[in-house]
Amino acid sequence: MSTPTITPYRSAQRPGRDDFPHLLRAEWTKFRSVRGWWIAMIAAALLTALAVAAIASAANGKQNPGAHPTVAIGPGGEAVTDSFYFARQSLDGNGSITARITSLADGELPGQGTGSSTHTAQPWAKAGIMIKASTTAGSAYAAVMATPGHGVRMQYDFTHDIAGLAGVPSAASPRWLRLTRSGDTVTGYDSADGRHWTEIGTASLAGLASTAQAGLFAASPQYVLGAQGFASNNNQPFFDTRITANFDHVRLAGARPGGAWTVGHIGFGTGPAQPANVNGRPPVSVHCGPNGGHCKGVATPQGSRFSEAGGRFTLSGSGGDVAPYVADLDPLGTVLKGSAVGLLAVIALGALFVTAEYRRGLIRTTFAASPRRGRVLAAKAIVIGSVTFVAGLAGTAIAMRIAVRKLHSGGWVSSVYPVWSLTSGHGLQIVVGTAGLLAVAAILALSAGAVLRRSTGAITVVVALLIVPVILGVTLPQTAAVWVLRLTPAAAFGLQEGTPRYSQVMHACLPYNGCFPLAPWTGFAVACVWAVAALGLAAYVLRRRDA
Amino acid sequence: MSAVHAEWTKLRTVPSPGLLLLTMIVVTVGFGLLEDVGQKCPTSCSYDSPKLSLTGILVGQALVAVLAALMVTSEYGSGMIRITLTAVPRRLTALAAKAVVLTGMVLAAGAFAAAWSLIAGRYILPGNGFTGAHGSEVLSLSAGSTLRAAGGSVLYLALIGLLSLGLATAVRDSGASIALLIGLIYIVPLIVQLGVLDPRWERHLERWSPMNAGMAIQATRDLNTLPIGPWPGLGVLALWAAGALLLGGLLLRLRDA
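Sequences listed follow chains A and B, in order. Numbers 1 to 547, taken from this note's numbering, label the letters of the first sequence in order. Numbers 548 to 804, taken from this note's numbering, label the letters of the second sequence in order.
Keep in mind the hints are simulated off the structure, nothing from the lab. Backbone N, C-alpha and C fix where the C-beta goes; we use that ideal spot for every residue, glycine too. Honestly, I wouldn't trust all of these hints.
Just a few of them, taken from the derived set where beta-carbon distance is under 8 Å, the chain B residues facing chain A [what the hints assert, rightly or not]: (1) E582; (2) A634; (3) P636; (4) P736; (5) L737; (6) Q740.
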């Protein structure tokens, strides 16, 4: 009698389908088949649009001097700062201007008394040569210049900026600059020795009249000592700075014979009279130069000097700038903060998507059906993330349209505060970015819910990470505020900034004014890193713990 | 009285309320320290030193709100509320007992946090230029205005707690009530602060939103430039708290548990 071999039981049924697509489908069905989820998600999208619309209605700029600053309008219709010291001659038709800079010195205008010598440098002060359509502020120009902090640059029509040779000119290592005009085209060159020239860039100045102004210029924007604090009116003291450049080998080809240099300020008085702070707040202590009355961008031109002796020119420019105008306020970004209402709802939904299962015990069924818990979590994250993204996209698109329209009709001038259409690059950034932020928030909340198993804790943690930092940003001292907005997922709110920023304009990025220290998509990446880390932690905890 | 004792026992015997209050103290003093250390007064500044030191209340209030909401919603979550209401059938008495215990605990913890915040400010701020020379006063611990700012901040925390308790009683779900409360407290100041609103609207919001109005109690200087005075401001917050408690009490009375 032989003992039969025991073969282990094998079901004749095909193994259960536990592959990932089916897991996704299961989670999608859980979301889809509960009417409450749908209602809540649609409500979140509508709430976003509603809150934004409400704030946009309250953000009427007619009473707000920051909404319509006096600015010059550049060739592209954008607001610009165009005030500088200019030693010029008329240039008829084609021609060129060449000059050598042998020294460049910048610093705080004497008598300012900041009590500290550390913040005297203005890296974007500029001195160099320029060909400009006329002496009207905002007219087309092309210029090659030396700067204390960013080497030689060619800039034209305010928004364009091309780098040339690096370094600060000195007697030992001077910089040769040249601009040649041919029709509407102006080409900029630089050289270290006056023999070997390198082309920096070409500017096409549409409709440049046959007679243009060519000469030497200098401008040194005021230094803004940014400061913010919850316990005081925010100070933004401005200090006048001055740049002094020595030129020689100045040659103007094509100028009227026997032409003399006309020296004067361009654009002062028409530049932006920027209120340091607006909106009926108590008067802010603003330091605007020793004789008062002048503010940012319209600095006292009293520090400007010009002298010529034996072909050597010395030009000092104080105040002014030739650059796009960058507003301190960000109405669109602020109004879009109304999306925090939708965000709160999304956070609650994300947390409940898993805590509700714990509450009802459904989680045990879920894990029995699909024992690989990490995959369950991933499926949940994908479902809640995508649903939120789509809802957020719809909600933000509506919100954005309403906000832009209301702000525009409410007196916020479009030259300073552009009207972004939904399909423009920046408009897309705002809409897609906000939807992405909502999706990341939902995933963060889901992870927190999986770790804490309670909706209260999960919601509190995510709100503390995502919304509280934005509030801290406007209240903490500047250094702390900037770090909070760099390190927390709230950095992603930078995607909602509606006012364009330019790298060639030194901008005091005060979180108080709604400015986020990180570049928009970098900030979003920070939030994504948080979400991935939270998901990882949640997956780890889920595996280690009993359900 | 026995209802109060019962509520006290409920809070005393689980770890989370104590932990929340402890976190509240740490966060309040910690953010105050951050502000004390970070804020410099090199040449001229118009900082309000007591307010500066008490910045942490801004963050600590969220934890008080969570604690208050949990006192009610956790009972709804676990079904404990039915036992509570069986033991104390007069529902308003049950809610009042919760309010009394909450207020007592928050006042005690808040006083501790506010006192340490002020002491930290007193010893750190002069080193940053807050010496009285540059337009900022030295923080005096015994000045009437400082005491008003500190005492008022403690009352502020208690009122935020009561507001949260009332709302949570009305809403009954912890997630929803906390989201609602956070929105109510924080979103209005955020929008107001960024300075793009119509001045009329801004003024209305600063006077009538719970946090903006209530925080006026911390001001010790330039009082005539405030949108709302310190005590009236705290009064507005008290109105909010009373309204929320009334709503919560009414719904508790009318609804099945």
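To see whether the hints hold, each was checked on the structure:
no., hint, verdict
1, E582, "holds (6 Å)"
2, A634, "violated (24 Å)"
3, P636, "violated (27 Å)"
4, P736, "holds (7 Å)"
5, L737, "holds (5 Å)"
6, Q740, "holds (4 Å)"
When each numbered hint is compared with the structure, violations occur for hints 2 and 3.
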